[in-house]
Amino acid sequence: MKIMKCSPQIINRIKRVNGQISGILKMIEQERGCKDLITQLKAAKNSLKKTIRLLAETNLLDSIEEKHNLELINLEKQIDLIVRN
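In our numbering, the protein residues as written are 1 to 85.
Don't take each hint at face value.
Derived lysine-lysine pairs resembling DSS-like cross-links, with alpha carbons at most 25 Å apart [what the hints assert, rightly or not]:
| id | residue 1 | residue 2 |
| --- | --- | --- |
| 1 | Lys49 | Lys35 |
| 2 | Lys49 | Lys26 |
| 3 | Lys26 | Lys50 |
| 4 | Lys15 | Lys26 |
| 5 | Lys50 | Lys35 |
| 6 | Lys26 | Lys42 |
| 7 | Lys45 | Lys15 |
| 8 | Lys15 | Lys50 |
| 9 | Lys49 | Lys15 |
| 10 | Lys45 | Lys35 |
| 11 | Lys26 | Lys45 |
| 12 | Lys42 | Lys15 |
What the hints contain is simulated information worked out from the structure, not anything from laboratory work.
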C-alpha cells in the first residue's frame, strides 16, 4: 500500500483540530454550557471534514496522475462523492 503524502497544510490543519479538541476538553473541565460545547464540537468536526477532504483529494489526484502519467484538473464532484457524509 502506498504511503499517503501529508503536506504542511494538512499537518497544520490537524494541529489546529487538535488544539480545538484540547480547548473543548478544557471547556468540559470548566463545566461550560452545552450550547458552547456543541458550537465548538461542530467547528472541530467541520475542520476535520475539510482536512479529510483535502487529504483524500491530494492523494487521489497524486495516485491517478502517477499511475496514468497525466495531469488532472477539477475533480471536485467525483471527490465529493467519495468523502460525502
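Is the Cα-Cα distance between lysine 26 and lysine 45 25 Å or less?
-> 17 Å, holds
Taking 25 Å as the top limit, are the C-alpha atoms of lysine 42 and lysine 15 close enough?
-> 17 Å, holds
Holds or violated: are the alpha carbons of lysine 49 and lysine 15 at most 25 Å from each other?
-> The given pair, whose Cα atoms are some 14 Å apart, holds under the 25 Å limit.
Given pair status - lysine 26, lysine 49, alpha carbons within 25 Å = Holds: lysine 49 and lysine 26 sit about 22 Å apart, inside 25 Å.
Taken at face value, is the distance from the CA of lysine 42 to the CA of lysine 26 at most 25 Å?
-> 16 Å, holds
Are the Cα positions of lysine 26 and lysine 50 separated by 25 Å at most?
-> With Cα atoms ~24 Å apart, lysine 26 and lysine 50 stay inside 25 Å; holds.
Does the structure keep lysine 45 and lysine 35 at a Cα separation of 25 Å or less?
-> 15 Å, holds
Between lysine 15 and lysine 50, is the straight-line Cα distance small enough, at 25 Å or below?
-> 13 Å, holds
Do the alpha carbons of lysine 45 and lysine 15 lie within 25 Å of each other, as the hint requires?
-> Given pair lysine 45, lysine 15 holds - Cα atoms ~14 Å apart, limit 25 Å.
Satisfaction of hint between lysine 35 and lysine 49, Cα-Cα up to 25 Å = 21 Å, holds
Taken at face value, is the distance from the CA of lysine 26 to the CA of lysine 15 at most 25 Å?
-> With a Cα-Cα distance of about 17 Å, the restraint between lysine 15 and lysine 26 holds, given a limit of 25 Å.
Does lysine 50 pair with lysine 35 here, judged by a C-alpha cut-off of 25 Å?
-> 23 Å, holds
Consistency with the previously given hints is maintained throughout, with no hint failing.
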